[in-house]
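Novice: Here is what each chain is made of, one letter per residue.
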Amino acid sequence: MEAVVAFFSPIYILMLAGILGYEIIGKVPVILHTPLMSGTNFVHGIVLVGAMVALGQAVTPLEQTIGFLGVLLGAGNAVGGYFVTERMLEMFKSSKGQEK
Amino acid sequence: MGYLIETVYFLTAALFILGLKRMSHPTTARSGIVWAGYGMVLATVVSFVHPQITANIIPTNYVLMVVAIAIGGAIAWWGAKKVPMTAMPQMIAIYNGMGGGAAAAIAAVELLKNHGDKVPQTHILIMAVAGALIGAVAFSGSVVAFGKLQELKFFKDDAKFRFTGQQKANAVIFGAAVLLGLVIALSHSASGALISVFFLLALAFGAMMALPIGGADMPVVISLFNAFTGLAVALEGFVLGNSAMIIAGIIVGSSGTLLTLMMAKAMNRSVSNVLFSNWAALGSGEAQAVTGSLKPMEPPDAAIQMAYASKVIIVPGYGMAVAQAQHKIWEMCKLLIERDVVVKFAIHPVAGRMPGHMNVLLAEAGVPYDLIFDMEEINEEFLTADVALVIGANDVVNPAARTDKASPIYGMPILNVDHAKNVQVIKRGKGVGFAGIENALFFADNTRMVYGDAQKVAAGMIQGIKDLG
Numbered sequence: 001m002e003a004v005v006a007f008f009s010p011i012y013i014l015m016l017a018g019i020l021g022y023e024i025i026g027k028v029p030v031i032l033h034t035p036l037m038s039g040t041n042f043v044h045g046i047v048l049v050g051a052m053v054a055l056g057q058a059v060t061p062l063e064q065t066i067g068f069l070g071v072l073l074g075a076g077n078a079v080g081g082y083f084v085t086e087r088m089l090e091m092f093k094s095s096k097g098q099e100k
Numbered sequence: 001m002g003y004l005i006e007t008v009y010f011l012t013a014a015l016f017i018l019g020l021k022r023m024s025h026p027t028t029a030r031s032g033i034v035w036a037g038y039g040m041v042l043a044t045v046v047s048f049v050h051p052q053i054t055a056n057i058i059p060t061n062y063v064l065m066v067v068a069i070a071i072g073g074a075i076a077w078w079g080a081k082k083v084p085m086t087a088m089p090q091m092i093a094i095y096n097g098m099g100g101g102a103a104a105a106i107a108a109v110e111l112l113k114n115h116g117d118k119v120p121q122t123h124i125l126i127m128a129v130a131g132a133l134i135g136a137v138a139f140s141g142s143v144v145a146f147g148k149l150q151e152l153k154f155f156k157d158d159a160k161f162r163f164t165g166q167q168k169a170n171a172v173i174f175g176a177a178v179l180l181g182l183v184i185a186l187s188h189s190a191s192g193a194l195i196s197v198f199f200l201l202a203l204a205f206g207a208m209m210a211l212p213i214g215g216a217d218m219p220v221v222i223s224l225f226n227a228f229t230g231l232a233v234a235l236e237g238f239v240l241g242n243s244a245m246i247i248a249g250i251i252v253g254s255s256g257t258l259l260t261l262m263m264a265k266a267m268n269r270s271v272s273n274v275l276f277s278n279w280a281a282l283g284s285g286e287a288q289a290v291t292g293s294l295k296p297m298e299p300p301d302a303a304i305q306m307a308y309a310s311k312v313i314i315v316p317g318y319g320m321a322v323a324q325a326q327h328k329i330w331e332m333c334k335l336l337i338e339r340d341v342v343v344k345f346a347i348h349p350v351a352g353r354m355p356g357h358m359n360v361l362l363a364e365a366g367v368p369y370d371l372i373f374d375m376e377e378i379n380e381e382f383l384t385a386d387v388a389l390v391i392g393a394n395d396v397v398n399p400a401a402r403t404d405k406a407s408p409i410y411g412m413p414i415l416n417v418d419h420a421k422n423v424q425v426i427k428r429g430k431g432v433g434f435a436g437i438e439n440a441l442f443f444a445d446n447t448r449m450v451y452g453d454a455q456k457v458a459a460g461m462i463q464g465i466k467d468l469g
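The listed protein sequences derive, respectively, from chains A and B.
Under the working numbering, the first sequence has 30 at position 30, and the numbering climbs by one with no breaks.
Under the working numbering, the second sequence has 1 at position 1, and the numbering climbs by one with no breaks.
Hints in this document: simulated from the structure, not taken from any laboratory.
In this text the structure is predicted, and so the values were computed from the model without any measurement.
Where is the CB? At the ideal position from N, CA and C, for every residue including glycine.
One thing to keep in mind: the hints can contain errors.
Quick list of simulated restraints, FRET-style, between CB atoms [unchecked claim]:
no.	chain 1	residue 1	chain 2	residue 2	range
1	B	Phe-443	A	Lys-27	39 to 49 angstroms
2	B	Arg-162	A	Leu-62	50 to 60 angstroms
3	A	Ala-3	B	Ser-189	20 to 30 angstroms
Subject to a maximum C-alpha distance of 25 angstroms in a straight line, what follows is the list of computed PhoX-like cross-link-like pairs (lysine-lysine) [claimed, not checked]:
no.	chain 1	residue 1	chain 2	residue 2
4	B	Lys-21	A	Lys-27
5	B	Lys-334	B	Lys-311
6	B	Lys-430	B	Lys-456
7	B	Lys-456	B	Lys-466
8	A	Lys-27	B	Lys-334
9	B	Lys-168	B	Lys-311
10	B	Lys-421	A	Lys-27
11	B	Lys-421	B	Lys-334
12	B	Lys-344	B	Lys-311
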């Protein structure tokens, strides 16, 4: 039974997260589409964490090289995605005073 | 240690979700990315002591990790800070490609590690291979998208990448990659050579898929690759048993898919239509001939017409972005507002190169977002507008989309600029729009053409208004 639960819980996560992503985007005004696309682009920068784990376990030089590349690319995704999004969102202002 | 990691990953997932939620409203958007940023930093820091690493510590790997983060982070930081706002779409593309590449790299390490000693479960291997395929496609495809939007010389001519039987060739490459992937996943002991060929095929497919697509369709493609990367990250999350990756990846996968569909819908095209055909193949006959003449107008005269109007609606297009005219245009609008003219901005969903791209540029120039309206909100208002000022937009204001069934853009929702009392069009020259068709709007009796670089024209208009005193 426990094995069955262990097998199914990721599938539940998959379903709920999928619905959540759909719902979040559905209510976004068009003016925020590009920043939000950039924001979601940043969020999948979490791949960095996986690349770190992969590199941490690498044994052969080939694995280490690929793992190194993975971490490098993942860090680029996370850092670049963050600053591009931040720069865009920083510019949104209302004519009725500024709220942040 | 496992509890610490899982707790932090849980926090990270929560911060990502709340951050994205905050990003969906203009007033809280800025704080949204900051929240998500904290989540990312927490997850990254704690991952240095991930049990899967600390079980068998290899010091060299830690050094490599730190160096890779430093190099990758520094280059990306520099790029993100330096790039002009008009180049944002291709920056998103390249960072997205990096994510896809990272997912593919994780898969590669896992696949290489898995042959020999311990036998992993087949369904895990299938997910690793699927993530590798999707991630590699997103990587090479995004690199091509970047090259096209950056207008690098090599990618300049879309036509040279189109050849007969292209889709068959792509299908063969894709089929071969899938087949090899299955062999790798099911055999449990694939050789390094086989794995390399598999990755090469996947990378080739991504590039082949993106190469023939025209620049104006790229936003849809970038959005699609964004969703792909999300999916690839989630799949590798399953492989590593990493819940933060699964949740973040799936959220991006589903939201990215929805965003892609929304963009394609705004262009009145299906996603498959964007991917597998080109404009030239569309349209079902001769387009209606356009009658009338183009009537030019000088910027100061155009300015006077606007200065005495009670309502002006501005329709910016990619031409404004190219000319970097948003600052001058807003300066002119402020003068109009001082004269009690009602000024509004109307944004077509696919104006610019991404949905919302125009909004970002206008926001950069300081235009308050409550003056900016979506197509549905403002389309009725053109009837009451004295002047509609079109800046470097063409196909999105072409009335043929409503009337001419033979036109390739027939059926695409457009801004009803032709309903305004007067129409002014700032345009660099007499060329046709991206769809390669004449625009009857430009020949209409109430339309005046203001030729020139949008920034210079705006400067001329500012002078015109100032001269009125």
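Novice: It remains to establish, for every hint, whether it holds in the given structure.
Specialist: Cross-check of the supplied hints:
no., hint, result
1, B:Phe-443 with A:Lys-27: 39 to 49 angstroms, "holds, 41 angstroms"
2, B:Arg-162 with A:Leu-62: 50 to 60 angstroms, "violated, 37 angstroms"
3, A:Ala-3 with B:Ser-189: 20 to 30 angstroms, "holds, 25 angstroms"
4, B:Lys-21 with A:Lys-27, "holds, 9 angstroms"
5, B:Lys-334 with B:Lys-311, "holds, 13 angstroms"
6, B:Lys-430 with B:Lys-456, "holds, 17 angstroms"
7, B:Lys-456 with B:Lys-466, "holds, 15 angstroms"
8, A:Lys-27 with B:Lys-334, "violated, 31 angstroms"
9, B:Lys-168 with B:Lys-311, "violated, 54 angstroms"
10, B:Lys-421 with A:Lys-27, "violated, 34 angstroms"
11, B:Lys-421 with B:Lys-334, "holds, 22 angstroms"
12, B:Lys-344 with B:Lys-311, "holds, 8 angstroms"
Violated hints, listed in ascending order, are 2, 8, 9 and 10; each of the other numbered hints is respected by the structure.
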